[in-house]
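J.: The chain contents come next:
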Amino acid sequence: MKEITGIKEYIKPENLVYRKSSLLTDDIMHYCPGCGHSTTHRILAEIIEEEGIQQDTIGISPVGCSVFLYNYIDIDWQEAAHGRAPAIATAIKRLLPDKFVFTYQGDGDLAAIGTAETIHSCNRGENILIIFINNGIYGMTGGQMAPTTLPGMKSSTSPYGRDVATMGNPLKITDIVATLPGTFYVTRQSVHTPANVRRTKRVMRKAFQYQKLNRGTCFIEIVSNCPSGWKMTPVQANKWMEENMFPWYPLGDLKVPEEQQDQQPKTE
Amino acid sequence: MERELRLMKGNEAVAEAAIRAGVDGYFGYPITPQSEIIEYLMEADPAKTTGMVVVQAESEVAAINMVYGGAGCGKKVMTTSSSPGISLKQEGITYIAGAELPCVIVNVVRGGPGLGTIQPAQSDYFQAVKGGGHGDYHLIVLAPASVQEMADFVGLGFDLAFKYRNPVMILSDGAIGQMMEKVWLDPPRERSKEIPEWATTGKTADRKRNIITSLELDPFRQEVFNRKLVEKYDAIRENEVRFEEYLCEDAEYLLVAYGTSARVCQKAVQLAREQGIKAGLLRPITLFPFPTKRISELAGQLKMALAVEMSAGQMVEDVQLSINGKIPVHYYGRMGGMVPTPDEVVENLKERIIGG
Numbered sequence: 557m558k559e560i561t562g563i564k565e566y567i568k569p570e571n572l573v574y575r576k577s578s579l580l581t582d583d584i585m586h587y588c589p590g591c592g593h594s595t596t597h598r599i600l601a602e603i604i605e606e607e608g609i610q611q612d613t614i615g616i617s618p619v620g621c622s623v624f625l626y627n628y629i630d631i632d633w634q635e636a637a638h639g640r641a642p643a644i645a646t647a648i649k650r651l652l653p654d655k656f657v658f659t660y661q662g663d664g665d666l667a668a669i670g671t672a673e674t675i676h677s678c679n680r681g682e683n684i685l686i687i688f689i690n691n692g693i694y695g696m697t698g699g700q701m702a703p704t705t706l707p708g709m710k711s712s713t714s715p716y717g718r719d720v721a722t723m724g725n726p727l728k729i730t731d732i733v734a735t736l737p738g739t740f741y742v743t744r745q746s747v748h749t750p751a752n753v754r755r756t757k758r759v760m761r762k763a764f765q766y767q768k769l770n771r772g773t774c775f776i777e778i779v780s781n782c783p784s785g786w787k788m789t790p791v792q793a794n795k796w797m798e799e800n801m802f803p804w805y806p807l808g809d810l811k812v813p814e815e816q817q818d819q820q821p822k823t824e
Numbered sequence: 572m573e574r575e576l577r578l579m580k581g582n583e584a585v586a587e588a589a590i591r592a593g594v595d596g597y598f599g600y601p602i603t604p605q606s607e608i609i610e611y612l613m614e615a616d617p618a619k620t621t622g623m624v625v626v627q628a629e630s631e632v633a634a635i636n637m638v639y640g641g642a643g644c645g646k647k648v649m650t651t652s653s654s655p656g657i658s659l660k661q662e663g664i665t666y667i668a669g670a671e672l673p674c675v676i677v678n679v680v681r682g683g684p685g686l687g688t689i690q691p692a693q694s695d696y697f698q699a700v701k702g703g704g705h706g707d708y709h710l711i712v713l714a715p716a717s718v719q720e721m722a723d724f725v726g727l728g729f730d731l732a733f734k735y736r737n738p739v740m741i742l743s744d745g746a747i748g749q750m751m752e753k754v755w756l757d758p759p760r761e762r763s764k765e766i767p768e769w770a771t772t773g774k775t776a777d778r779k780r781n782i783i784t785s786l787e788l789d790p791f792r793q794e795v796f797n798r799k800l801v802e803k804y805d806a807i808r809e810n811e812v813r814f815e816e817y818l819c820e821d822a823e824y825l826l827v828a829y830g831t832s833a834r835v836c837q838k839a840v841q842l843a844r845e846q847g848i849k850a851g852l853l854r855p856i857t858l859f860p861f862p863t864k865r866i867s868e869l870a871g872q873l874k875m876a877l878a879v880e881m882s883a884g885q886m887v888e889d890v891q892l893s894i895n896g897k898i899p900v901h902y903y904g905r906m907g908g909m910v911p912t913p914d915e916v917v918e919n920l921k922e923r924i925i926g927g
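The listed protein sequences correspond, in order, to chains A and B. Per the numbering used here, the first sequence runs over residues 557 to 824. Per the numbering used here, the second sequence runs over residues 572 to 927.
Just so you know, the hints here were simulated from the structure itself, not pulled from any lab data. All residues carry an ideal CB built from backbone N, CA and C; glycine is no exception. A few of these clues could be false.
Under 7 angstroms between C-beta atoms, here's a sample of chain B residues computed to sit facing chain A [stated by the list, open to error]:
hint, residue
1, S606
2, M637
3, K774
Here are the simulated PhoX-like pairs of lysine-lysine, each with C-alpha atoms no more than 20 angstroms apart in a straight line [as the list claims (entries may be wrong)]:
hint, chain 1, residue 1, chain 2, residue 2
4, B, K799, B, K701
5, A, K655, B, K764
6, A, K710, A, K655
7, B, K779, B, K838
8, A, K655, B, K799
9, A, K787, A, K728
Okay, chain B solo, but in the shape it has when bound (with noise of 0.2 angstroms):
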């Protein structure tokens, strides 16, 4: 079968991939902006076509600890929500850490703190990629900036969260989620039928009983296994850092934004640029793992770096310790559900070139 071009909204995106990706079990609980997700597929009612369950749960605490238990049956199964959601599946996200489980999370961002305001935003940076919940974990965090790629890394997460038996997040924000475009959708693949070995299906004879949890008294074996993570961790660093540069080979200047912003940023870069202002854009898609190696390596032709971002400035942090003092690295962004535009991030491009 070919891929089918659809136009979408960016949460409806999901839901499609999801069922054609094979997922087997979503949980969630509605909340603006991304009830578009639930809503498609209760009306695709999948149950009757791919099998794939899909509960209203009764809370995100409910949802998230839901995923587990499909997670831990070896399922591939997913949630999403936005952030007053998300804060809620922390508990569950770092037990699904600890446990190494693996499956997909999705975060279509609003701005906040506390309730906020239903607005795009990407003020959760910290949240999904420097923890969230107690504990030593890293998620591995994937930021689409298109419709597009909000289909395409559905698929992709699961990939990654099978392969490293890891939860992963879609950090997304309220525009993608709302937006629509064209999309390319692939063709439905069958619900996989492979039990992984530390799946609880029920113990037959030929193995020892599976237990999925993330407990462990004693002091030493904790360690033990928090090294493990550790050296998991650093497999992904090694391996799945993934970015786009956008004019970045002869730049002076260079913008690191991602999803909404990296938009932004294509626009501006190219404002600049017929300003006479050699502007590149680099823009991370895998925000654990961070690009660090390559922002630190450009970092030898540019005078100076500006990190966008509608946040107080958090991804910024990660931007700094890649550069690690080499060239001045600045920040700007807008807050509160406010998007920035190009013109006003040139602007700022121009006061920073001015000021040194």
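One chain only, chain A, in its complex shape (with noise of 0.2 angstroms):
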């Protein structure tokens, strides 16, 4: 391979095509190469940098993977207990209804363990924003099963593949949380091609303007990878993840506004 010299020539202003976000901070991320968490932060940043709400915005950080979100983006959080962030998102926005609240959590808290707090705030219609990572295992605590496990896929905690006839099936809770009136708009989307990234980017700043309406829970689904817990490269994780999970968990709104014409706030 030719070996690439003098870089630092093309590193001038009218090569610049992309900057970091000012809200990212300078901390390294820990997670794996080819994680979809990574992306999903850089998009929330830009997304309250641009908006201009880094003074008016709290964020709840889940325990998983993501456990260190507090660390990489620079607005005040609030660290949960396991799958309890929609009930402390919940209070922040009930005591403070002129900020903006977010949840970010992984499949294990928002579907599992939290599953009472998801369905009962989104019932509510708590004017909050759930940010839903989908990647089917618990990355964090070393590739367990996790309610989204595919039929068949091994963990493990199920070395022999997803039994569902002793293991369950795999819990679409985001189609459980757009039947409930509660719901103002809810999504299915993933970050795992420019053209996905630029979508999910686009219906999480809608569903951050959504918020000053006061209609109820906007519900973000993402569908994505665990390189690692798949045991698979980052290339192989997003093919397997077309291929198994986007048929089990396909892409696109779930519920939108019903007078989204009217209603609808003005994105980009």
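Hey, can you piece these two chains together into the complex? The hints should help.
T.: Take a look at the structure:
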């Protein structure tokens, strides 16, 4: 391979097409190569910066791989106990109704141990944004079976593959919350291609803007990968996700505001 | 404005005192024998007057985590429950202690273990005073013995909680919660507009971002934090011990009791004195910190101490530690929702005296 030399000569203002959000800290992210968390973090930081709401935003980070999210984005944070983020967000939003409040949760956190908090905050129509990263596995604890693990999928606690007869079926919690009158906007996206990153950023910006309307819970599932937990390269993991995860968890809006034409705030 | 005299249940007094103390948020879940608190608050609808938020959560677990969230914003927030519900809250309570957040938690204790009974008991002493959740932490524990104290300790609880950035538990029982007494209510206080510098209210340009967390993976730094907590608990032990003495000056026999048991024991002391037994009562008002020093001082003049509690004998261990073997320490109690009578206490005291 040809060695790249003299890269510095390319670093000039006219060549700068991308910059790091000023809200992303200089902490080195601990995520594995290819993981969707870092991309989602970046989108989140960019939206908060571009909307100019750093001083009005409070995030709740979960227990799971993204537990140190508060180290990476320069806003006020509360760290929740496993599964409890929506309860914490509920109180923050009720007490500080003018602030933007969001949770960031994985599948084990949101759809197993925190199922009650998830369902009931959505059912009360708490005026918060829930960002749900679904990679079908417990990443941080070392690759155990999650509520969203696919049938037959291997994990460290389903080493012969998930047997739905004894281990249950993958829980489509996003479909459940979409049926609740309390949710205002429910969508499922991904961040594994540039086009999907742009689309996810668009819907996430919309969800932040919807909080000003005070119409209910916004819920964004991001179907994501776990190269380490799935024991794949990042490229293999994204391909496997497209072929196996997307049929179970199809991308797209599950619930859009009824009066979209009248109520929907302008995006971009 | 002047204080107002009302006839109220202990539970109602907690609710009314919360509104008057300028509490910002209440998060609860119904459980007997304390459901009057959330019922009273929902009916009073303080959102319309003081702006206080009242939420019926989907579980005690959610309620205590709502308290975590509200407390993290620097707000005065509280929850109430009874024993089985308080067990469910323990996860949240240890996180609140670990994140050093101020809040007030009321436990209107009923008999256990398990579902137990809905009648009054004092069997959650260990849970309240010695930990309850995981990790090295303490709550400040206040033990009301009257409807008046149920009301007064709400305000006192928040003062202590914010002074030390520590959760405060009001350890009551089903009798104090359900009985009606006259109570002087403080005039309403306005809700505070002050924002503590650590609160998460949105990061402004003039400060670093605030993070409410109890997580520290570096063992060195975690130990530094643990030591800081220990220092705080030592300061609380030094400054916040509260107790009441009844006829202790010349006492030879000391009854130690809190809450409902202390009311029974006050009568027992009178009955014993009528029979020529020089009895006195020490009523701990704070269970953590425990009035160890005072009980230890009194041991010099005493022949015996008797801990009276509605449990299998929990507080008696702290009385023993305070007296440290100087004189005999005994326990008398009832369980399962039974309340001892003054006569029973005197009979037990007399048996102990004869038995040496």
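J.: Could you run down the list of hints and mark each one as holding or not?
T.: To see whether the hints hold, each was checked on the structure:
For B:S606, the interface hint is violated, the least distance from its beta-carbon to any beta-carbon of chain A being 19 angstroms, above 7 angstroms. Restraint check, B:M637 versus chain A: the minimum CB separation of about 4 angstroms is within 7 angstroms; hint holds. With a cut of 7 angstroms, the hint placing B:K774 at the interface with chain A holds, because the nearest CB-to-CB distance is about 5 angstroms. In summary, the hint linking B:K799 to B:K701 is supported, as the alpha carbons are separated by about 18 angstroms, within the 20 angstroms threshold.
This hinted pair checks out: A:K655 and B:K764 have alpha carbons roughly 16 angstroms apart, not beyond 20 angstroms. For the suggested pair A:K710 and A:K655, the alpha carbons sit about 42 angstroms apart, so the restraint of at most 20 angstroms is broken. For the given pair, B:K779 sits about 57 angstroms from B:K838 by alpha-carbon distance, which is inconsistent with the 20 angstroms threshold. For the hint linking A:K655 to B:K799, the alpha-carbon distance of about 32 angstroms lies beyond 20 angstroms, and the restraint is violated.
For the hint linking A:K787 to A:K728, the alpha-carbon distance of about 24 angstroms lies beyond 20 angstroms, and the restraint is violated.
In summary, the structure is inconsistent with hints 1, 6, 7, 8 and 9 from the numbered list given earlier, while agreeing with the others.
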